[in-house]
Amino acid sequence: MNSHLRRAIGTALLGSLGLIALAGCGEDSGGPGGADSKTVTLVSHNSFAVSKAVLAEFTEKTGYKVRRQTGGDAGSAVNQAILSKDHPQGDVFFGVDNTLLSRALDHDLFTPYRAKDLDRVPAEFQLDAGEHRVTPVDYGDICVNYDRAYFADKKLAPPRTFADLTKPAYKNLLVTENAATSSPGLGFLLGTAARYGDEGWKGYWKKLRANGVEVVDGWEQAYFDRFSGGGKGDKPLVVSYASSPPAGVADLKTKPAKAPTGVATGTCFRQVEFAGLLNGASNTKGGKALLDFLLSKRFQADVPLSMYVNPAREDVKLPELFTRYGVEIADPATLSPQKISKNREPWVKAWSSLVL
Amino acid sequence: MVLARPVGTASEKTTGDTGSTGAAGEAREVGPPRDPRGAALRLALMAVPLAFFGIFFAYPVAAIVTRGLRTDGRWRFGRIPEVVSDPAVVDVLWFTAWQAAASTALTLLIALPGAYVFARFAFPGKGLLRAVVTVPFVLPTVVVGSAFLALLGRGGLLDELWGVRLDTSVWAILLAHVFFNYAVVVRTVGGLWAQLDPRQEEAARMLGASRLSAWRRVTLPALAPAVAAAALMVFLFTFTSFGVVQILGGPHYATLEVAIYRETAQLLDLPTAAVLSLVQFAAVGGVLALHAWTVRRREGALRLVDPARTARRPQGPAQWALLGSVLAVAALLILTPLAVLVERSLNGPDGYGFDSYRALQSAADSGGTFFVAPLEAVGNSLRYAAVATVIALVVGGLAAAALTRRAGRLVRGFDALLMLPLGTSAVTVGFGFLIALDEPPLDLRASWMLVPLAQALVGVPFVVRTMLPVLRAVDHRLREAAAVLGASPLRVWREVDLPLVGRALAVAAGFAFAVSLGEFGATVFISRPDHPTLPVAVARFLGRAGELSYGQAMALSTILMLVCAASLVALERIRTDRSGEF
Numbered sequence: 000m001n002s003h004l005r006r007a008i009g010t011a012l013l014g015s016l017g018l019i020a021l022a023g024c025g026e027d028s029g030g031p032g033g034a035d036s037k038t039v040t041l042v043s044h045n046s047f048a049v050s051k052a053v054l055a056e057f058t059e060k061t062g063y064k065v066r067r068q069t070g071g072d073a074g075s076a077v078n079q080a081i082l083s084k085d086h087p088q089g090d091v092f093f094g095v096d097n098t099l100l101s102r103a104l105d106h107d108l109f110t111p112y113r114a115k116d117l118d119r120v121p122a123e124f125q126l127d128a129g130e131h132r133v134t135p136v137d138y139g140d141i142c143v144n145y146d147r148a149y150f151a152d153k154k155l156a157p158p159r160t161f162a163d164l165t166k167p168a169y170k171n172l173l174v175t176e177n178a179a180t181s182s183p184g185l186g187f188l189l190g191t192a193a194r195y196g197d198e199g200w201k202g203y204w205k206k207l208r209a210n211g212v213e214v215v216d217g218w219e220q221a222y223f224d225r226f227s228g229g230g231k232g233d234k235p236l237v238v239s240y241a242s243s244p245p246a247g248v249a250d251l252k253t254k255p256a257k258a259p260t261g262v263a264t265g266t267c268f269r270q271v272e273f274a275g276l277l278n279g280a281s282n283t284k285g286g287k288a289l290l291d292f293l294l295s296k297r298f299q300a301d302v303p304l305s306m307y308v309n310p311a312r313e314d315v316k317l318p319e320l321f322t323r324y325g326v327e328i329a330d331p332a333t334l335s336p337q338k339i340s341k342n343r344e345p346w347v348k349a350w351s352s353l354v355l
Numbered sequence: 000m001v002l003a004r005p006v007g008t009a010s011e012k013t014t015g016d017t018g019s020t021g022a023a024g025e026a027r028e029v030g031p032p033r034d035p036r037g038a039a040l041r042l043a044l045m046a047v048p049l050a051f052f053g054i055f056f057a058y059p060v061a062a063i064v065t066r067g068l069r070t071d072g073r074w075r076f077g078r079i080p081e082v083v084s085d086p087a088v089v090d091v092l093w094f095t096a097w098q099a100a101a102s103t104a105l106t107l108l109i110a111l112p113g114a115y116v117f118a119r120f121a122f123p124g125k126g127l128l129r130a131v132v133t134v135p136f137v138l139p140t141v142v143v144g145s146a147f148l149a150l151l152g153r154g155g156l157l158d159e160l161w162g163v164r165l166d167t168s169v170w171a172i173l174l175a176h177v178f179f180n181y182a183v184v185v186r187t188v189g190g191l192w193a194q195l196d197p198r199q200e201e202a203a204r205m206l207g208a209s210r211l212s213a214w215r216r217v218t219l220p221a222l223a224p225a226v227a228a229a230a231l232m233v234f235l236f237t238f239t240s241f242g243v244v245q246i247l248g249g250p251h252y253a254t255l256e257v258a259i260y261r262e263t264a265q266l267l268d269l270p271t272a273a274v275l276s277l278v279q280f281a282a283v284g285g286v287l288a289l290h291a292w293t294v295r296r297r298e299g300a301l302r303l304v305d306p307a308r309t310a311r312r313p314q315g316p317a318q319w320a321l322l323g324s325v326l327a328v329a330a331l332l333i334l335t336p337l338a339v340l341v342e343r344s345l346n347g348p349d350g351y352g353f354d355s356y357r358a359l360q361s362a363a364d365s366g367g368t369f370f371v372a373p374l375e376a377v378g379n380s381l382r383y384a385a386v387a388t389v390i391a392l393v394v395g396g397l398a399a400a401a402l403t404r405r406a407g408r409l410v411r412g413f414d415a416l417l418m419l420p421l422g423t424s425a426v427t428v429g430f431g432f433l434i435a436l437d438e439p440p441l442d443l444r445a446s447w448m449l450v451p452l453a454q455a456l457v458g459v460p461f462v463v464r465t466m467l468p469v470l471r472a473v474d475h476r477l478r479e480a481a482a483v484l485g486a487s488p489l490r491v492w493r494e495v496d497l498p499l500v501g502r503a504l505a506v507a508a509g510f511a512f513a514v515s516l517g518e519f520g521a522t523v524f525i526s527r528p529d530h531p532t533l534p535v536a537v538a539r540f541l542g543r544a545g546e547l548s549y550g551q552a553m554a555l556s557t558i559l560m561l562v563c564a565a566s567l568v569a570l571e572r573i574r575t576d577r578s579g580e581f
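Here the protein sequences line up with chains L and W, keeping their order. Quick note on numbering that gives the first Met the number 0: the first sequence kicks off at 0 and runs consecutively. Quick note on numbering that gives the first Met the number 0: the second sequence kicks off at 0 and runs consecutively.
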């Protein structure tokens with residue numbers, strides 16, 4: 000009996016050791032702790048995408064293999080990077096935008112590096128131009144989208160500006176997202192703050208509320224469940240992206256003459272996404288090469304169809320899908336990252352008690 | 000092939016009065032005398048689960064909570080009273096608790112008759128239906144939310160028929176919670192119910208008890224531990240509900256889980272998040288204590304029989320009516336939302352057809368790294384879920400074996416610890432993994448193992464709660480008899496326990512598998528982008544505008560449903576084969 004007992008204990012202990020060993024095996028080749036200089040690790044949010052062929056070209060040219068690591072949505076990914084900055088998950092971080100930039104920089108997340116082709120990027124995107132801790136990679140706009148068929152049926156001109164949205168003609172037509180939980184929801188709020196001023200936006204939202212704006216929690220519900228233009232809903236206006244119309248027709252086999260949805264160009268808020276070399280990266284050289292690559296013509300030309308955003312470089316041509324079904328937003332609302340960082344929380348709180 | 004059974008014990012127990020008085024309970028203990036060797040064995044069995052939970056749950060969670068409460072080497076407890084006394088937080092806590100309690104009650108009310116029907120009646124398609132009602136478990140909440148909105152929302156089925164809208168009402172939340180958790184009750188309670196010997200209830204009736212009192216005094220006490228276990232799991236699940244509340248309740252409703260997610264993932268206010276996590280722990284701890292207290296005296300040896308023997312065709316109009324109404328409720332509540340998803344996957348921009356399914360493949364073929372081929376995602380999901388199931392079965396099985404013999408407070412505490420992951424915010428676990436498991440010898444930042452480990456964490460409670468009531472019901476005298484005849488502890492377990500708990504094991508495996516297949520909250524933080532699981536891939540499609548993207552998301556969800564149902568039916572098969580050993 001005793002020997003059986005001993006065997007049972009032994010099995011249990013072996014088992015637990017096995018589990019720990021199994022865990023230890025996790026450090027496979029090229030882990031961030033490893034000294035494998037031929038692998039470079041890119042940390043990003045889960046919307047990052049690139050064509051396989053383009054990525055393969057990078058490996059071919061530089062010899063570095065790219066390993067990717069993601070951490071949820073954009074906000075989560077940035078926060079994870081901040082929390083793990085003593086033992087960074089990788090070498091390069093992609094996907095911090097202007098609404099989160101100040102937080103990332105305040106936490107000293109990045110090592111300065113001036114990417115090779117930075118002079119091809121318009122100055123308006125270079126929000127850290129003095130220090131080059133981050134490199135602008137792409138931009139996009141959060142705008143009100145409209146359902147073309149609805150407004151054609153009603154013989155009503157679709158709204159164009161923030162002010163239009165409060166007009167009686169568009170009563171009960173708009174659905175937006177919770178600014179506290181959704182990135183387009185926050186972008187739309189920031190857009191109104193940029194347009195109507197630090198206090199003035201509250202008055203605007205009161206009017207918007209009186210005009211029957213509906214708030215749902217996330218973009219998926221707003222776009223697919225409430226919006227009539229791209230989903231199954233009955234609201235012809237939704238807060239979405241300027242690139243939503245081209246994205247919506249991307250995989251259609253027979254392309255329509257016009258996208259079924261349009262963009263209210265005077266309701267846009269600009270988002271710029273950045274990448275940076277993480278402090279404490281184990282492969283600094285590879286990281287720099289990867290940053291150069293993110294600004295290379297090849298990668299930049301791939302950005303629109305992979306991620307449905309616009310390339311930061313000015314000398315890259317947009318694909319036909321974008322030029323045919325999308326619009327270029329000439330004069331979007333913008334706010335400085337510092338201002339966003341300072342006001343984000345109080346504004347969202349004020350917005351919640353005002354609108355919800 | 001009835002089990003050899005020492006005369007008397009089981010029926011003595013089950014027909015005895017089950018008043019909650021301690022003395023009566025004490026008298027019914029059929030446990031073995033405590034001996035030091037047993038304690039040592041138990042400790043040995045507990046080593047693996049303890050190590051697992053220490054490393055992959057307690058340590059990461061403690062790390063993230065500590066990070067919030069400790070700055071510059073000093074504890075900042077001052078934040079606790081501030082947060083706890085915030086009226087907004089009190090509101091959230093109150094809503095979280097009552098919606099969970101209401102959801103649990105409603106789920107029990109609707110699913111207990113289902114458990115009975117699945118346990119006692121034989122009807123064609125039973126195995127398939129049992130698999131299908133488990134399917135909701137694996138579906139991403141955002142997809143289910145969309146289906147519910149289609150039924151309950153504006154312009155939905157209810158609206159068109161009767162002008163009733165339930166979205167943005169708490170009813171939508173409760174119904175969705177029933178939808179998700181129906182299977183928990185049916186499988187946990189039904190699993191044990193099917194093995195209860197119906198002749199005991201018949202004997203009680205023969206002795207003059209009315210149908211109701213026979214049920215109340217014979218069957219109900221025997222089922223109580225399983226019902227309590229199911230209720231506990233449903234409560235913990237709904238207590239930490241995230242997507243359902245957000246999508247169906249609208250931005251006005253928020254659970255503690257949502258608040259923790261916002262503070263951690265969006266605002267990076269770790270001190271507040273840490274306090275909220277502690278509040279969540281306290282609440283969950285209270286519920287676990289309550290559960291432990293209620294079931295403590297109720298578990299005992301039962302007479303377990305082959306489930307195939309207890310199920311028979313319904314007889315008489317009353318039984319047919321019961322079967323019919325249970326099937327109708329299941330169809331209405333579970334099949335309709337599932338049918339909506341399938342319908343939407345087939346209803347593309349160009350009318351009905353398989354366009355969305357074809358587009359899934361072509362999106363992957365176009366060479367992007369973002370969309371993977373559906374088969375590849377299925378493969379990833381199955382692989383991760385299989386590994387997670389094995390881990391959950393090993394860890395949960397050992398834990399259940401250790402807990403089979405009731406013992407002191409320490410062991411009960413261990414039992415509660417195993418349940419905690421169900422009541423812990425996914426974002427806390429996900430972020431905890433990240434900051435805790437980042438240094439050798441436990442540097443898992445780049446490891447694929449993170450995903451099955453996180454999934455197993457949610458699977459273990461199911462394994463323990465499904466196995467434990469059955470293991471405890473095994474009459475200890477069988478084990479003693481085997482030991483007297485010279486069997487080693489391992490052999491006793493193999494020859495006595497395993498055949499009796501084979502069914503529970505299969506049910507547990509099914510749960511662990513389904514939970515792992517559907518886990519999203521933590522997986523999304525730690526999965527590798529080039530190896531997305533099905534729910535993660537669904538979320539990617541839903542992140543892109545366009546009718547076709549929506550169709551693709553629904554198509555992938557339908558595939559997820561099929562994968563889940565097929566896996567569960569396969570598991571049922573294994574079990575049916577096994578039951579030959581009875």
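Hints are supplied without guarantee of correctness; some may be wrong.
[Unchecked claim] Just so you have them, the derived chain W footprint on chain L, three or more residues with Cβ under 8 Å: (1) 64-73; (2) 176-188; (3) 274-288; (4) 315-328.
Just so you know, these hints were derived from the structure itself, not from any lab. Keep in mind the model is a prediction, meaning the values are calculated, not measured. Where a beta carbon is used, it is the ideal one built from N, C-alpha and C, also for glycine.
Here is how each hint holds up against the structure:
1. For a cut-off of 8 Å, the count of residues in the region 64-73 of chain L with a CB near a CB of chain W stands at 7, and the three-residue condition holds.
2. Three residues within the 8 Å Cβ limit are the bar, and the region 176-188 of chain L against chain W gives 3, so the coverage statement holds.
3. Restraint check on the region 274-288 of chain L versus chain W: 0 residues with Cβ-Cβ distances below 8 Å, three needed, restraint violated.
4. Beta-carbon proximity to chain W at under 8 Å applies to 0 residues in the region 315-328 of chain L; the threshold of 3 is not reached and the given coverage is violated.
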